[in-house]
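Colleague: Below are the chains, spelled out letter by letter.
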Amino acid sequence: MSNIPNDLRYTKSHEWVRQLEDGTAEVGISDHAQGALGDLVFAEVPEAGREVSAGEACAVVESVKAASDVYSPLSGTVIAGNSALANQPELLNQEPYGAGWLFRVAPKSADAAAALMSAADYAKYLADEGH
Amino acid sequence: MGLKTPLYDSHILQGAKIVDFGGWEMPLHYGSQIEEHHAVRRDAGMFDVSHMGVVDLTGERVREFLQVLLANDVARLKVPGKALYSCMLLPGGGVIDDLIVYLSSPTSFRMVVNAGTRDKDLAWIRQRAADYAVSVHERQDLAMIAIQGPNARHKTASLLAPAARDLVLELPPFRGAAVDSWFIARTGYTGEDGFEVMLPAVDAVKTWSALHAAGVRPAGLGARDTLRLEAGMNLYGNDMDEDHHPLESGLGWTVAFEPGDRDFIGRAALEAARRTAGRDFVGLLLEERGVLRSHQKVCVPGEAGDGAVGEVTSGTFSPTLNRSIALARIPRTTATTVQVEIRGKLYPASIVRPPFVRHGKAMIKV
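Residue numbers (the working numbering), protein chains in the order written: chain A, 1 to 131; chain B, 132 to 497.
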């Protein structure tokens with residue numbers, strides 16, 4: 001059973017969003033996603049200043065076997081990509097909700113994250129999908 | 132539901148992630164394919180390769196038949212148990228399959244063919260075998276386990292009775308021997324030392340467990356692919372296929388043009404191909420971070436203008452080198468660096484000569 005922290009919001013494409021105190025949001029991939037992808041060996045993160053729309057592919061994570069797009073859960077401006085992943089892509093597997101975060105966004109709309117799935121909804125979504 | 136090998140339940144019990152491979156439900160990994168890869172490079176790992184096709188060919192004229200069927204020459208097999216790697220070609224030179232053939236006796240040979248091609252291979256072979264009164268017997272009663280790594284041979288031998296143990300430990304590379312109902316060969320697909328063991332399917336589960344108890348780590352198709360690519364070994368369907376001949380697939384060394392009067396299928400086409408410039412088959416080392424993948428475009432600098440375009444046939448992340456490596460088919464060039472297109476951007480990659488890794492050690496500068 002994968003780990004689904006209660007304080008985060010989730011998307012159907014298996015990203016998570018953490019709302020930070022300064023009003024920005026941190027984005028990563030869920031424990032379920034990293035487990036399904038296997039050992040991750042490369043990540044391409046967006047650069048600060050890039051405008052992204054919700055649902056837009058803006059990062060790539062690559063396992064030994066395949067490359068997968070990561071979609072921005074929110075519309076807004078990228079404030080930072082996680083540069084630690086360049087040397088340690090395995091953080092995506094080891095700490096998907098911590099040091100393995102992908103990028104931070106200043107969202108256009110303050111309450112956009114509230115429209116995403118709660119931990120309970122995401123758990124149900126995974127169960128329904130047969131994951 | 133796909134086909135299952137006799138070891139399917141063992142894989143599930145060991146936590147394998149199962150994927151479809153050529154119609155077979157096979158283990159991709161048992162948790163971490165990178166750790167499985169390192170286990171093979173540093174100690175010993177085992178692969179269930181029971182999905183591969185084992186075919187016994189028997190008849191007074193079997194040698195003559197195989198000298199026509201295969202691009203390599205079975206006359207090179209002089210002692211029983213000796214193995215030979217060969218392509219089986221279409222008349223136009225395209226590769227139907229790559230395989231290993233063992234001499235069993237003066238009137239019988241054993242071939243091991245790929246899982247994804249076994250049906251077409253068997254149809255092709257049977258169609259021609261009748262003319263030579265050769266009988267073709269697919270050994271579906273056998274399972275096959277590859278044990279690979281620096282400690283693989285000794286760990287495998289520890290399962291055997293003393294006399295058999297001595298026998299198999301004395302096998303030179305690319306030689307096999309029958310041990311009761313088993314056939315043990317010092318072959319593999321990883322660039323490490325080891326054995327491939329063909330054994331009755333009924334023995335598979337207990338042998339797999341005994342190997343595990345002896346410290347051999349189960350490894351899946353994921354690790355098998357990164358290991359073979361580091362070893363510079365081709366994968367059928369990626370690096371060669373019916374649309375490409377062996378000379379543009381890095382397999383010229385497996386084609387026996389001598390003696391000149393051996394009229395194997397595909398010979399005329401390959402002789403014509405030899406007289407043209409053709410394309411080159413090379414190794415690539417990505418100079419920056421990123422991962423090379425099959426079908427990415429390779430831009431080769433030209434003497435005038437834009438140069439020409441080739442293609443990555445297999446690419447991956449190399450766990451041993453911690454860099455991305457690939458095999459690629461490109462126009463002939465004197466350049467030492469090419470550009471590979473990854474998601475619309477060009478990245479430099481240097482041309483290197485495979486293997487990338489052999490016996491646990493890097494064979495190229497990184």
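Be a bit skeptical, because a hint or two may be false.
Simulated restraints on C-beta separations [to be verified]: (1) A:2 - B:199: 41 to 51 Å; (2) B:285 - A:20: 33 to 43 Å; (3) B:346 - A:57: 38 to 48 Å; (4) B:332 - A:13: 36 to 46 Å; (5) B:466 - A:57: 51 to 61 Å; (6) B:430 - A:2: 39 to 49 Å; (7) A:88 - B:333: 24 to 34 Å; (8) B:285 - A:77: 51 to 61 Å; (9) A:90 - B:210: 26 to 36 Å; (10) B:430 - A:12: 33 to 43 Å; (11) B:223 - A:2: 44 to 54 Å.
Residues from chain B that keep clear of chain A, each with C-beta distances beyond 12 Å, as calculated [what the hints assert, rightly or not]: (12) 162; (13) 173; (14) 216; (15) 271; (16) 306; (17) 338; (18) 353; (19) 357; (20) 372; (21) 421; (22) 464; (23) 483.
Rather than coming from a laboratory, the hints here were simulated on the basis of the structure.
Please read these numbers as outputs of a predicted model, since none were measured by experiment.
Note that CB positions come from ideal geometry on N, CA and C, so glycine has one too.
Colleague: Hints first: check each against the structure and report whether it holds.
Modeller: Do the hints match the structure? See the list:
Checked against the hint of 41 to 51 Å, the pair residue 2 of chain A and residue 199 of chain B fails, with Cβ atoms roughly 56 Å apart. Between residue 285 of chain B and residue 20 of chain A the beta carbon distance is about 55 Å. The supplied range of 33 to 43 Å is therefore violated. Between residue 346 of chain B and residue 57 of chain A the CB atoms are about 44 Å apart, so this pair conforms to the stated range of 38 to 48 Å. For residue 332 of chain B and residue 13 of chain A, the hinted distance range of 36 to 46 Å is satisfied, since their beta carbons lie about 42 Å from each other.
Evaluation of the 51 to 61 Å hint for residue 466 of chain B and residue 57 of chain A yields a failure: the beta carbon distance comes to about 33 Å. Under the hint 39 to 49 Å, the C-beta atoms of residue 430 of chain B and residue 2 of chain A, about 41 Å apart, fit the expected range. The hinted range of 24 to 34 Å is not satisfied by residue 88 of chain A and residue 333 of chain B, whose Cβ atoms lie roughly 47 Å apart. The given range of 51 to 61 Å is respected by residue 285 of chain B and residue 77 of chain A, whose C-beta atoms sit roughly 60 Å from each other.
Under the hint 26 to 36 Å, the C-beta atoms of residue 90 of chain A and residue 210 of chain B, about 48 Å apart, miss the expected range. In this structure, residue 430 of chain B and residue 12 of chain A meet the distance hint of 33 to 43 Å, their C-beta atoms being roughly 37 Å apart. Remark: the range hint 44 to 54 Å for residue 223 of chain B to residue 2 of chain A is upheld by a beta-carbon distance near 51 Å. Some Cβ of chain A comes within 12 Å of the Cβ of residue 162 of chain B; the nearest lies about 9 Å off, and the non-interface call is violated.
Annotated as non-interface, residue 173 of chain B keeps its C-beta farther than 12 Å from every C-beta of chain A; the closest such distance is 17 Å. Its beta-carbon lying about 26 Å from the closest one in chain A, residue 216 of chain B satisfies the requirement of being farther than 12 Å from that chain. For residue 271 of chain B, the shortest C-beta to C-beta distance to chain A comes to about 29 Å, beyond the 12 Å cut-off, and the non-interface label holds. Against chain A, the non-interface label of residue 306 of chain B holds: every CB pair exceeds 12 Å, the least being about 33 Å.
Non-interface call for residue 338 of chain B relative to chain A: holds, since the shortest CB-CB distance, roughly 27 Å, exceeds 12 Å. Not every CB of chain A lies more than 12 Å from the CB of residue 353 of chain B, the least distance being 6 Å, so the non-interface label is violated. Not every CB of chain A lies more than 12 Å from the CB of residue 357 of chain B, the least distance being 6 Å, so the non-interface label is violated. Residue 372 of chain B, annotated as away from the interface, keeps every beta carbon of chain A farther than 12 Å; the closest lies near 20 Å.
Under the 12 Å C-beta cut-off, the non-interface status given to residue 421 of chain B relative to chain A is violated; the minimum distance is some 6 Å. Every C-beta of chain A lies more than 12 Å from that of residue 464 of chain B, the closest at about 27 Å, which supports listing it as non-interface. For residue 483 of chain B, the non-interface assignment is confirmed: its Cβ lies about 19 Å from the closest Cβ of chain A, beyond the 12 Å cut-off.
In the structure shown, a violation is registered for the earlier hints numbered 1, 2, 5, 7, 9, 12, 18, 19 and 21, in ascending order.
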